[in-house]
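Engineer: If you want the building blocks of each chain, they are given just below.
There are 2 protein chains.
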Amino acid sequence: MHSPELLKGTLQTILLKVLKDHGKMYGYEITQRVKELSDGRILLTEGALYPSLHKLEAEGLLKTETVMMGKRVRKYYALTTEGKSLVKERVSEFVEFIRTMGNVLKVDLA
Amino acid sequence: MHSPELLKGTLQTILLKVLKDHGKMYGYEITQRVKELSDGRILLTEGALYPSLHKLEAEGLLKTETVMMGKRVRKYYALTTEGKSLVKERVSEFVEFIRTMGNVLKVDLA
DNA sequence: CTTATATACATAATTCACTTATGTATTAAT
DNA sequence: ATTAATACATAAGTGAATTATGTATATAAG
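Line by line, the protein sequences give chains B and Y. The opening position of the first sequence corresponds to residue 1 in the working numbering, with each subsequent residue numbered one higher. The opening position of the second sequence corresponds to residue 1 in the working numbering, with each subsequent residue numbered one higher.
Where hints are given, some of them may not hold.
[Said to hold, decoys possible] Just so you have them, the derived chain Y footprint on chain B, three or more residues with Cβ under 8 Å:
no. : segment
1   : 12-22
2   : 37-45
3   : 88-94
4   : 102-110
[Claimed, not checked] Below are the EDC-like pairs computed for lysine to aspartate or glutamate, each with C-alpha atoms no more than 20 Å apart in a straight line:
no. : chain 1 : residue 1 : chain 2 : residue 2
5   : Y       : K55       : B       : E57
6   : B       : K8        : B       : E96
7   : Y       : K35       : B       : E89
8   : B       : K106      : Y       : D108
9   : Y       : K63       : Y       : E82
10  : B       : K88       : Y       : D108
11  : Y       : K106      : B       : E59
12  : Y       : K106      : B       : E93
13  : B       : K8        : Y       : E93
14  : B       : K106      : Y       : E89
15  : Y       : K8        : B       : E93
16  : Y       : K88       : B       : D108
17  : B       : K106      : Y       : E29
18  : B       : K55       : Y       : E93
19  : Y       : K106      : B       : E89
20  : Y       : K88       : B       : E5
21  : B       : K20       : B       : E57
Honestly, the hints are just simulated from the structure, not real lab data. Note that CB positions come from ideal geometry on N, CA and C, so glycine has one too.
Throw the hints in and build the complete structure from the sequences for me.
Structural biologist: Here's what the structure looks like:
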């Protein structure tokens, strides 16, 4: 597991990008996908995930669709048009930040 | 300027690494150096910098030396032995985190 | 010459994203 | 039957940052 400090501020970017790459997903599914993609190094907690999804929805970046799977509720999240256009921005912001950090720390990130 | 969210959790790593690369430095000097290295993209605020330096000192990672420059006080910070051995760890932790993020966001950081 | 900017430290109040803890409920495995 | 996994949600608490404020010297500009 990574030091959770570093993860701060990256959660929204992760959610938006994963939703862009995989289309509509539900919360639990996102945690599993991120766990896979990160080789078990990023484990999203529910206390962080759900409030963050709710916030992105409230901001109009995500839209939801609730589905009953038998007796179980599943809430699918997908990017809105606005959300889609923001993803690129957020990701390149992150990449630019990493480049800057590479210069400051004088490390090669290739 | 970078979204300040992303910077969270990286401050200690920046301070330790800059002090490793440049030897003893005083607070204001660190802000200027980081500003230079980051091309004006990372502007450390005093409210974040000084408490963080104090904390690193309290943890035994930094040692200080106060010098009077004419009538002005300057407090130099330098890595302790313990601090030196931690820098590598912190930097490689950061690099590993970036690699992981690269996989999750599917971006090339080269 | 006085006013603004840069240098140089420090700390208190506040914010906000996150962790931790707790709650509800269904489904599958042992 | 009990535990673990699936699936949602929210409240309390933490802690690193931002913002605001305070002190003081040095220098440039008008």
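Engineer: Evaluate each hint against the coordinates.
Structural biologist: Hints, one by one, checked against the model:
Here the segment 12-22 of chain B counts 5 residues with a CB under 8 Å from a CB of chain Y, which clears the bar of 3, and the coverage holds. Counting residues of the segment 37-45 of chain B whose beta-carbon sits less than 8 Å from any beta-carbon of chain Y gives 5, enough to reach three: the coverage restraint holds. Only residues whose beta carbon comes within less than 8 Å of a beta carbon in chain Y count, and the segment 88-94 of chain B has 3; three or more means the coverage holds. Taking a C-beta to C-beta cut-off of 8 Å, the segment 102-110 of chain B contributes 7 residues in contact with chain Y, enough for the three needed, and the coverage statement holds.
As the CA atoms of K55 (chain Y) and E57 (chain B) are separated by approximately 38 Å, the hinted pair breaks the 20 Å bound. For the suggested pair K8 (chain B) and E96 (chain B), the alpha carbons sit about 17 Å apart, so the restraint of at most 20 Å is met. Taking the CA atoms of K35 (chain Y) and E89 (chain B), the gap is near 23 Å; set against the 20 Å cutoff, the hint is violated. Of the supplied pair hints, the one linking K106 (chain B) and D108 (chain Y) holds, its CA atoms being roughly 18 Å apart against a limit of 20 Å.
With a CA separation close to 10 Å, the supplied pair K63 (chain Y) and E82 (chain Y) stays within the 20 Å bound. Using a Cα cut-off of 20 Å, the hinted pair K88 (chain B) and D108 (chain Y) holds, with the two alpha carbons roughly 14 Å apart. Among the hinted pairs, K106 (chain Y) with E59 (chain B) is inconsistent with the structure: their alpha-carbon atoms are about 25 Å apart, more than 20 Å. This hinted pair checks out: K106 (chain Y) and E93 (chain B) have alpha carbons roughly 14 Å apart, not beyond 20 Å.
Simply put, K8 (chain B) and E93 (chain Y) have alpha-carbon atoms about 15 Å apart, close enough for the 20 Å limit, and the pair holds. Between K106 (chain B) and E89 (chain Y) the alpha-carbon distance is near 15 Å, which keeps this suggested pair within the 20 Å criterion. Restraint check: the Cα-Cα separation between K8 (chain Y) and E93 (chain B) comes to about 15 Å, which is no more than 20 Å; the hinted pair holds. Our distance criterion of 20 Å between C-alpha atoms is met by K88 (chain Y) and D108 (chain B), whose separation comes to about 14 Å.
A hinted pair counts as satisfied when its Cα atoms are at most 20 Å apart, and K106 (chain B) with E29 (chain Y) qualifies at roughly 18 Å. The suggested pairing of K55 (chain B) with E93 (chain Y) is violated, with an alpha-carbon distance near 30 Å, which exceeds 20 Å. Taking the CA atoms of K106 (chain Y) and E89 (chain B), the gap is near 15 Å; set against the 20 Å cutoff, the hint holds. With a C-alpha separation of about 17 Å, the suggested pair K88 (chain Y) and E5 (chain B) falls inside the 20 Å cut-off, and the hint holds.
Distance check on the hinted pair: K20 (chain B) and E57 (chain B) sit about 15 Å apart at the alpha-carbon level, within 20 Å; holds.
Going down the numbered hints, you'll see the structure goes against 5, 7, 11 and 18, while the others check out.
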